[in-house]
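Number of protein chains: 2
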Amino acid sequence: MNNLEIIQASGMEDKSTEFQGENIDSDAIVSEISEALSQLDVNKTRELVTELHPADFADVIENLDHSERKKFLEIIKDDFDPEIFSELEPELLEEVTDLIGRDASAEALSKLDSDVVIEIVEELDEKEQQEIIEALPEENRAEVQAGLSYPEDSVGRLMSKKFVTVPEYWNVGQVIDYLRNQDDLPNDFHVIYVVDPKHRPVQYVLVSRIMRNKRDIKITDISEPCKHLVSPHDDQEEAAYLFRQYGLVSLAAVNEKGRMIGVLTTSDIVEVIEEEHEEDIMRLGGVTSRDFYSAVQKTVFRRFPWLFINMVNAFFAAIIIMHYAESIEAVVALAALSPIVAAVVGNSGAQTLTVSVRAIAKRDITPRNAPRVVFKEMFIGLVNGTMIGALASAVVYAYFRDTNLSLVFGISIMACFAAAGIIGSFIPIMLNKFKIDPAIASSAFVIALTDILSFFVFLGLATSFLINA
Amino acid sequence: MNNLEIIQASGMEDKSTEFQGENIDSDAIVSEISEALSQLDVNKTRELVTELHPADFADVIENLDHSERKKFLEIIKDDFDPEIFSELEPELLEEVTDLIGRDASAEALSKLDSDVVIEIVEELDEKEQQEIIEALPEENRAEVQAGLSYPEDSVGRLMSKKFVTVPEYWNVGQVIDYLRNQDDLPNDFHVIYVVDPKHRPVQYVLVSRIMRNKRDIKITDISEPCKHLVSPHDDQEEAAYLFRQYGLVSLAAVNEKGRMIGVLTTSDIVEVIEEEHEEDIMRLGGVTSRDFYSAVQKTVFRRFPWLFINMVNAFFAAIIIMHYAESIEAVVALAALSPIVAAVVGNSGAQTLTVSVRAIAKRDITPRNAPRVVFKEMFIGLVNGTMIGALASAVVYAYFRDTNLSLVFGISIMACFAAAGIIGSFIPIMLNKFKIDPAIASSAFVIALTDILSFFVFLGLATSFLINA
Chain P
1 MNNLEIIQAS GMEDKSTEFQ GENIDSDAIV SEISEALSQL DVNKTRELVT ELHPADFADV
61 IENLDHSERK KFLEIIKDDF DPEIFSELEP ELLEEVTDLI GRDASAEALS KLDSDVVIEI
121 VEELDEKEQQ EIIEALPEEN RAEVQAGLSY PEDSVGRLMS KKFVTVPEYW NVGQVIDYLR
181 NQDDLPNDFH VIYVVDPKHR PVQYVLVSRI MRNKRDIKIT DISEPCKHLV SPHDDQEEAA
241 YLFRQYGLVS LAAVNEKGRM IGVLTTSDIV EVIEEEHEED IMRLGGVTSR DFYSAVQKTV
301 FRRFPWLFIN MVNAFFAAII IMHYAESIEA VVALAALSPI VAAVVGNSGA QTLTVSVRAI
361 AKRDITPRNA PRVVFKEMFI GLVNGTMIGA LASAVVYAYF RDTNLSLVFG ISIMACFAAA
421 GIIGSFIPIM LNKFKIDPAI ASSAFVIALT DILSFFVFLG LATSFLINA
Chain A
470 MNNLEIIQAS GMEDKSTEFQ GENIDSDAIV SEISEALSQL DVNKTRELVT ELHPADFADV
530 IENLDHSERK KFLEIIKDDF DPEIFSELEP ELLEEVTDLI GRDASAEALS KLDSDVVIEI
590 VEELDEKEQQ EIIEALPEEN RAEVQAGLSY PEDSVGRLMS KKFVTVPEYW NVGQVIDYLR
650 NQDDLPNDFH VIYVVDPKHR PVQYVLVSRI MRNKRDIKIT DISEPCKHLV SPHDDQEEAA
710 YLFRQYGLVS LAAVNEKGRM IGVLTTSDIV EVIEEEHEED IMRLGGVTSR DFYSAVQKTV
770 FRRFPWLFIN MVNAFFAAII IMHYAESIEA VVALAALSPI VAAVVGNSGA QTLTVSVRAI
830 AKRDITPRNA PRVVFKEMFI GLVNGTMIGA LASAVVYAYF RDTNLSLVFG ISIMACFAAA
890 GIIGSFIPIM LNKFKIDPAI ASSAFVIALT DILSFFVFLG LATSFLINA
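Protein chains in written order, with the numbering used here: chain P, 1 to 469; chain A, 470 to 938.
Nothing false has been slipped in among the hints.
Pairs of lysine-lysine residues, derived as BS3-like cross-links and limited to a Cα-Cα distance of at most 27 Å, are as follows:
#	chain 1	residue 1	chain 2	residue 2
1	A	Lys696	P	Lys44
2	A	Lys683	P	Lys218
3	P	Lys198	P	Lys218
4	P	Lys227	A	Lys513
5	A	Lys696	P	Lys111
6	P	Lys376	A	Lys767
7	P	Lys227	P	Lys257
8	A	Lys767	A	Lys596
9	P	Lys362	A	Lys540
10	A	Lys540	A	Lys513
11	P	Lys162	P	Lys198
12	P	Lys71	A	Lys845
13	A	Lys845	P	Lys298
14	P	Lys362	A	Lys539
Honestly, the hints are just simulated from the structure, not real lab data.
Extracted from the complex, chain P is given alone in its bound form (with noise of 0.2 Å):
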């Protein structure tokens, strides 16, 4: 049930000016939009998009094309919300900072918290990083430069410099009257931290704990030990493991002294475990960064060098098939049902890759229990390889009548699974255990080796048993 079946089933038709945030059909706001810019209609155009929300925005302009884009940014740039940016595909910031103008981006940029300004020229090539930065006012230009100063993809470049912290000797009510006479605190915190008088934090506590105390309690005793602490330096993927494993709200970042100088919250880490996700996935596919947005040339580049790596394994794989040239010219059969022990073969390799790298990622794969898993995959391997061989040594029969060309594509595609079962699972441990990410170079090597061993074991076998016998 979505949200206007739930007002309208309670009579709440009346207050449906207050959901007008929900289920936006941002497909038909940029096809009215841009029709209302093909008749240059510059009123209907702004009209719009008033009531957008900054995501719902960002959407829009993604959504426009190129020529599109670039007449609607002229009409709304003079409004244009800051917030927008930091909501805007990576790929796309860019051509809007372009359009918009370097002054007009940084003047709205300095509305911005510098952490979100630092995720969004991080972003950007260093020439024009360097003309935002420029633009910026003073203050924040420090800010962000610092921020850019710690290494991409780390807790500095992530965490926020607005936080709250009180020092240990006061009692509930100080901090009442701290938090409500204070100006410049940030507009929203969830948490507290409770700090010695070197400023390193020493215990947290949730607001809403303060709120449900009597003001002569002692802070120290509502709040909890800071168990873990990380540094700017630390990888953003640290601190995403330590916020999932112990379900943090809060996470304090310290410098070498042990001061805190920054906050993580969970909406930073939602961030960082999408961005994960991401570059997972399309890893897995082959593909080194999201290019949805990106230039075609951008992207034919970024999507060469995979192609060109499975272009070299495959020729490994054809030198093999080249070797056996004679039986196949003898057997042509072979020809057709060896791309199918490949390919068979190579899923299940997949598989067992798949689940390998996934477990090295939630770390599941000790030093200790690695050897257990190779086994069990290996195992699993030939189970179906049992099953998988058995069904295609049938239909081979079945189609060729050839007792013993069945007997050898079956055996085959039984023991190469079990081999791809080792495979799949003992490249990704090993290149783990030289500090080289799994996720990256496991799948080039699996295929290609899975490729060369079918091949061999398969057009091996049949030479051996149908050629020569």
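Got chain P sorted already, so can you dock chain A onto it with the hints?
Chain A alone, transformed into the frame defined by chain P:
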């Protein structure tokens, strides 16, 4: 820099016990426990795990092998922290509840919130689920059964029934007094909902906002409208979309009368995103669900269907090859080269597919831009196909010194790449249009089509221009 180094650098060694939770080396602990178990040293075993966070405790249980796990749970089952249940991999829940016993499991579960219990028992098989639910105390039982009455992966199963509401006419002071004096409020909360007399959520306010305002300010003056609501029957991914799109920290669930009955928080959404992530990756690898901790037998049967589908696909490709058996007998190089065409074209199709499926999931492909997407992918395929085709063609010429063969080879790759761009984008768009999840179904279709096409085009062209010419 890890936390230990931070502590040392800052001279905080004296406080190191507060940081015990960080950098748990669960592999080392598992080894020690394993040793203690083999020596039947009950006290040592207990001692090793007393200080562990439930999440780390669950990791230990996961990493023991079956017989160790049995001994281990026998020893610690009397002081089994119920939180461990919610941290365990779903595949191990049945084993663990069996080992601990139905009544002990139910007693432990009764200490958790009903939404957490639902998450756990929904993973058990029907019989065990019923047994555990019946063993729960009456009040928990009703709540759990109510939650389970909502569909799988729905908001109703995920939402917490504990939330804080206040009437519209209160001021900040009244809210603060209520929070401080009311006993049956949740322990921790970030958001307070302002409801109308029919208990329908109208506005929400962050707790920190309440602390930052004077007692006589009207609560509605510092609250934001509830623009987004969900029904407990909505899919959890719908809720996740709203959180991500609009940066929500909390989302109210309402019944058909609009009355507030539950709330979702960012941590719920982190779980949903993780689940989605897991599913997406497993599907891409041809695994129906994560099976790292599953028994061998279960794993075999879960992986079999995908292997079977691919075997059938491979046979279709083999039929094409057999159709050109005479050509292969005449030019045996075709047997070695046709798998290369299929391999690189398949990879190109997989790249397009990956980008398209993700774009559909992120709602970036709309009816309006779909034709543009397909055209763009075709064009990218054509460009990469030209480059890969030219390279591959050159290699073939260098090896076989046959101009016609290398030309047919290169042109086939080029043409099939363009077709793979269309196939890889068009198929998921079409499946999505007919409400079939493109992430599950696309891959088998795309592989089958690119394989068949590759063999057909290459062997067909070769027959026309090399054999019959």
